[in-house]
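Protein chains in written order, with our numbering: chain L, 1 to 248; chain S, 1 to 220.
Mixed in with the good hints there might be a few duds.
Derived lysine-lysine pairs resembling DSBU-like cross-links, with alpha carbons at most 30 Å apart [said to hold, decoys possible]:
1) S:K35 / L:K220
2) L:K78 / S:K39
3) L:K89 / L:K119
4) L:K87 / L:K119
5) S:K35 / L:K87
6) L:K119 / L:K220
7) S:K35 / L:K89
8) L:K78 / L:K89
9) S:K215 / S:K11
10) L:K78 / S:K35
11) L:K220 / L:K78
Hint data in this document are derived by calculation from the structure and do not stem from the laboratory.
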Amino acid sequence: MGGESSCVVPDSAFLTADMEHRVGTFTLRINFSLTTPWTVLFGPSGAGKSTILRILGGLLQPQNGRITMQDHIVLDVKQGISIPAGKRKIGYVTQQPALFPHMTVHRNVAFGLHALPPKERSRRVSEMLRLFRVDGLSERMPGELSGGEYQRVALARALAPEPRLLMLDEAFSGLDADLKESILSELTVWLAARGVPALYVSHDLGEAYQTAANVIVIDKGGVEVQGPVQEVLAPRRERLLRQLGIFS
Amino acid sequence: MDTQALWLTLKLAVVTTFLLLCATVPLCHWLVFGKARWKSVIEAAASLPLLLPPTVLGFYLLVLLGPRTAPGRFLIHLIGHPIAFSFSGLVIGSMIYSLPFAVQPITSGFSGIAPEVLDAATLLGASRLRILIDLLLPLARRSIFTAAVLCFTHTIGEFGVVLMIGGDIPGATRTLSIAMYDQVQDFRYSEANRTAILLLIVSLLALILVYGRRKQLRRA
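Looking at chain L on its own, in the form it has when it is part of the complex:
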């Protein structure tokens, strides 16, 4: 899906990250770059995928590291540079409920648009709600939404300020396959139209195939392998198909 999009791929890497972070006995030591519109961080639970996203987003400070985004330094521990999370222009959607529970859908989506004049803000909110087909729910509270509606609103909120990168942390794992596919299709179109790359964390092989142009396999805090999904995940896919008796 992501591989079929028409997003213009920059010649050089859109993002490069080289980071080291220790938490107790777990050490994350990782180096990778994003060169395609969709990149999937693939790996088992506890491999360090979410930690990587938190560091990229500026929510966690690594012990050592350097991150550049579109040739701008976002983090350089040695030089003492760290752009605050809110200024990195990164959209972030997680599997955990993160909508503001006391605000309507409209107010949630408008939250990141405080710098815009009220008219423009309202127009952008309506546009995002229409795009993710939740425009009829603008006065609902998050607690009144279904799982699919909730994640659509979360996406609308993350994308409303027009981020430079979208990070999805197993954002659709609780949804059924049809719904997931429909949301991913709409999202791919939006991202492609604006040239916004997506970094998608998953431990689901199917999801990785569905979205990925490029896969980074993470295990035990390091990059195991990186490359196109067909190459990188082919052995795993074949193993899974053999287990299901589809392939011998």
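Following the hints, put chain S in place on chain L, whose structure we already have.
What follows is chain S alone, placed relative to chain L:
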């Protein structure tokens, strides 16, 4: 009924509750979200009035705020009169005495907010002040309300601290519980009974308000 004591008690409870909430919201924010290693020392100190006999607390405050210590002398120099045996002294004593009743619910209210919600706000560019006003305060409103009612009621009923630090000056430091103590000392039992019933009703109403309002807020 000592109406002078009643009004003084209500004034003390309102002022103490207001000032305590203003002081404890930033303190609790720091206790929950701050990174200092010695936070637990402050947390323990803030809980100390729960265990300490009120007279011990009152005694230390009396000494600390009096002319025998440097901080006391500085305060006297600053405001022109001793804090002890004045309404300001009562407010300081009440605030310290009721500190755990504000810190514990508000800390628990802030801790109960999902970190993902705060991360989302941070990544959407919200400042710390905006996160406090738009997210933390509304999301912890039940806990803040509970803290306010507990502080108010606790101040209405306090005795040991106010007696030690404020003495028993009619119109200046004599609160309802001290007035009731005087009534008992003078064998005016029917008056003491009326004061006791009033204190009982205020406490009961406050608790009914807390539980009723909490249910309303939960539904909202």
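Against the structure, the hints:
Restraint check: the Cα-Cα separation between S:K35 and L:K220 comes to about 27 Å, which is no more than 30 Å; the hinted pair holds. A distance of roughly 29 Å separates the Cα atoms of L:K78 and S:K39; the hinted pair therefore holds under the 30 Å criterion. Straight-line distance between C-alpha atoms of L:K89 and L:K119 comes to about 22 Å, which keeps the hinted pair within the 30 Å bound. For the proposed pair L:K87 and L:K119, the alpha carbon gap of about 23 Å is at most 30 Å, so the pair holds.
Between S:K35 and L:K87 the CA atoms are separated by roughly 22 Å; this keeps the pair inside 30 Å, and the hint holds. The suggested pairing of L:K119 with L:K220 is violated, with an alpha-carbon distance near 49 Å, which exceeds 30 Å. The suggested pairing of S:K35 with L:K89 holds, with an alpha-carbon distance near 25 Å, which does not exceed 30 Å. About 23 Å separates the Cα atoms of L:K78 and L:K89, which keeps this hinted pair within 30 Å; it holds.
A C-alpha spacing of about 28 Å is found between S:K215 and S:K11, which places the hinted pair at or below 30 Å, so the restraint holds. Distance restraint check for L:K78 and S:K35: the Cα-Cα separation of roughly 22 Å lies within the 30 Å cut-off, and the hinted pair is therefore satisfied. For the given pair, L:K220 sits about 25 Å from L:K78 by alpha-carbon distance, which is consistent with the 30 Å threshold.
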